[in-house]
Amino acid sequence: MQSRLRRCKVDNIYSKKPEECAYSFTQHTACEFFPCHKTAHPEDFNCLFCYCPLYTLGSRCGGSFKYLENGVKDCSGCLLPHGRGSYSYVTSKFPELMELAKKNR
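In terms of my numbering, the sequence shown opens at residue 70 and continues consecutively.
Misleading hints may appear alongside valid ones.
Derived Cβ-Cβ restraints for the label pairs, each shown as a range [unchecked claim]:
| hint | residue 1 | residue 2 | range |
| --- | --- | --- | --- |
| 1 | N173 | T98 | 32 to 42 Å |
| 2 | A170 | A99 | 30 to 40 Å |
| 3 | A91 | N139 | 36 to 46 Å |
Calculated directly from the structure, the hints in this document are not laboratory data.
Where is the CB? At the ideal position from N, CA and C, for every residue including glycine.
Working from the sequences, and respecting the hints, build out all of it.
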């Protein structure tokens, strides 16, 4: 893994897929909640976005969620931000999050 990380730092980082670089995946297997969502593949569970930054996008997040009767968004069945390849998808939504932040200054 160290050589992969080094390659991402030395080479032009923008020519690499983020999923090829170590910064896009991490696991906290010692966490008392790991994995926090049911999965058949805990070895691929990505903890990088422990608290999903897409939650605030509501129905535009792209994940598997439902709204409870009280209006709370329930993401307990969603694995979207927790896959090995999730980094690119989540970060692709940052412009939408920035627009929301601008509206709430």
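Among the hints numbered above, which are violated by the structure, and what are their numbers in rising order? Hints that this structure does not satisfy do not exist here, as all of them hold.
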